[in-house]
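Chemist: Once you've looked at the hints, dock chain B against the given chain A.
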Amino acid sequence: MFKYFEPNKIFAITSKAPKYVLFLFIVVLTIGLTEALVLSPEDYKQSDAVRIMYVHVPAAWISLGIFSSLALLSIGSYVFKNKNFALIGKSLAPSGFIFNIIALVTGSIWGKPTWGTWWAWDARITSMLILALFYGMYLLAWRIYEDKVQVTKVTSLIAILGVVNIPIIKFSVDWWNTLHQPASINILSTSTAIHSSMLVPLGIMTAAFALFSLLIFLMKYNTELIKVKNKGLDRL
Amino acid sequence: MTNEIISMNGYGTYVWSAFSFTLISFTALYFVTKLQLSKEQKRFASKFGSLNSGKARAARSQNINRVILSNTSNI
Chain A
1 MFKYFEPNKI
11 FAITSKAPKY
21 VLFLFIVVLT
31 IGLTEALVLS
41 PEDYKQSDAV
51 RIMYVHVPAA
61 WISLGIFSSL
71 ALLSIGSYVF
81 KNKNFALIGK
91 SLAPSGFIFN
101 IIALVTGSIW
111 GKPTWGTWWA
121 WDARITSMLI
131 LALFYGMYLL
141 AWRIYEDKVQ
151 VTKVTSLIAI
161 LGVVNIPIIK
171 FSVDWWNTLH
181 QPASINILST
191 STAIHSSMLV
201 PLGIMTAAFA
211 LFSLLIFLMK
221 YNTELIKVKN
231 KGLDRL
Chain B
1 MTNEIISMNG
11 YGTYVWSAFS
21 FTLISFTALY
31 FVTKLQLSKE
41 QKRFASKFGS
51 LNSGKARAAR
61 SQNINRVILS
71 NTSNI
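Quick note, the sequences are listed as chains A and B, same order.
Following the numbering used here from start to finish, the first sequence increments by one per residue and tops out at 236.
Following the numbering used here from start to finish, the second sequence increments by one per residue and tops out at 75.
For the record, the hints were derived by calculation from the structure and aren't laboratory data.
A quick note: this is a predicted structure, and the numbers were derived from the prediction, not measured.
Please note that a few of the clues may not be correct.
These stretches of chain A come out as covered by chain B in the derived footprint (C-beta under 8 Å, 3 or more residues) [stated by the list, open to error]:
1. 106-119
2. 215-223
With a Cα cut of at most 27 Å, we get these calculated DSS-like pairs of lysine-lysine [to be verified]:
3. B:Lys-55 with B:Lys-42
4. B:Lys-47 with A:Lys-148
5. B:Lys-47 with B:Lys-34
6. B:Lys-34 with A:Lys-83
7. B:Lys-55 with B:Lys-39
8. A:Lys-148 with B:Lys-42
9. A:Lys-16 with A:Lys-112
10. B:Lys-55 with A:Lys-148
11. A:Lys-112 with B:Lys-42
12. A:Lys-231 with B:Lys-55
13. B:Lys-39 with A:Lys-19
Note that CB positions come from ideal geometry on N, CA and C, so glycine has one too.
So that you can see chain A by itself, here it is in the shape it has in the complex (with noise of 0.2 Å):
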């Protein structure tokens, strides 16, 4: 099955997708921006601070999914020994990483006029704040280490324990007594605590975000592709 994903076969596809993906990306997101800054109503308690969780909620979401897929694709390529697993998972991760800071940038500004903080050591902002750390150190893991087999094995270890991290983020509002509100969408449920007015825009906006996390990743991933082919000439 997983000779449909070899590199040499999705290259061709891979290599040409970026310039459309980009397009889409310019479009969605000026659409969004418009929906998220002028069309959607302000919240009756939060005013116009309630825009940030346009760009704070997708980037937080986008983040939380990169990692379970690094984790997953750490597992795949244990079980299924399959190298380009790790390549996909090295040319997720960075963009991944930025959605993570953007979260918790956005997040610190949102604090602001809602708590009447910039940071709390909350079980919510911590867990994300240690999110990053894995992240960090899953990008580290692939500078430092030199040897294929050894990168391969160090991120997976990474990707893994800090798939742990995530149930964590994802109920800790449950779980403990915090300064962030609990979850407003449930995927899982057809009950929602926000209103269409913005969960339009909030969708179109998570759209956007996953659209530019597509395309860094097409790019990153040609970019490591090239990369191996170059030790390929050197091979010659």
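Modeler: Chain B only, in chain A's frame:
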């Protein structure tokens, strides 16, 4: 209307700084990634150029190498 959007009922500093930080991060990551990609493509093209005719023929027989070379010419 414009003033309302800029001031955001007094929350403009917070809202605009959050959106600006996000867009600046996106732009920086995009250009850093693009730079890394074009650097690798240029390295590949220069290595390929230094191969003798026999090795170049062997390298060109791989489809992926041909695709990389065709993309490199667009840089």
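Chemist: Hint by hint, say whether it matches the structure.
Modeler: Tested hints:
Given as covered by chain B, the stretch 106-119 of chain A passes the check, having 5 residues with a CB less than 8 Å from a CB of that chain where 3 are the minimum. For the stretch 215-223 of chain A, the stated coverage by chain B holds: 6 residues have a C-beta nearer than 8 Å to a C-beta of that chain, and at least 3 were required. About 19 Å separates the Cα atoms of Lys-55 of chain B and Lys-42 of chain B, which keeps this hinted pair within 27 Å; it holds. Simply put, Lys-47 of chain B and Lys-148 of chain A have alpha-carbon atoms about 22 Å apart, close enough for the 27 Å limit, and the pair holds.
In summary, the hint linking Lys-47 of chain B to Lys-34 of chain B is supported, as the alpha carbons are separated by about 20 Å, within the 27 Å threshold. The suggested pairing of Lys-34 of chain B with Lys-83 of chain A holds, with an alpha-carbon distance near 24 Å, which does not exceed 27 Å. Between the alpha carbons of Lys-55 of chain B and Lys-39 of chain B the distance comes to roughly 23 Å, so the proposed pair stays at or under 27 Å and holds. The straight-line distance between the Cα atoms of Lys-148 of chain A and Lys-42 of chain B is roughly 24 Å, inside the 27 Å bound, and the hint therefore holds.
The suggested pairing of Lys-16 of chain A with Lys-112 of chain A is violated, with an alpha-carbon distance near 43 Å, which exceeds 27 Å. Of the pairs offered as hints, the one joining Lys-55 of chain B and Lys-148 of chain A holds, with about 26 Å between alpha carbons and a cut-off of 27 Å not exceeded. Straight-line distance between C-alpha atoms of Lys-112 of chain A and Lys-42 of chain B comes to about 46 Å, which puts the hinted pair past the 27 Å bound. For the proposed pair Lys-231 of chain A and Lys-55 of chain B, the alpha carbon gap of about 14 Å is at most 27 Å, so the pair holds.
Taking the CA atoms of Lys-39 of chain B and Lys-19 of chain A, the gap is near 18 Å; set against the 27 Å cutoff, the hint holds.
In summary, the structure is inconsistent with hints 9, 11 from the numbered list given earlier, while agreeing with the others.
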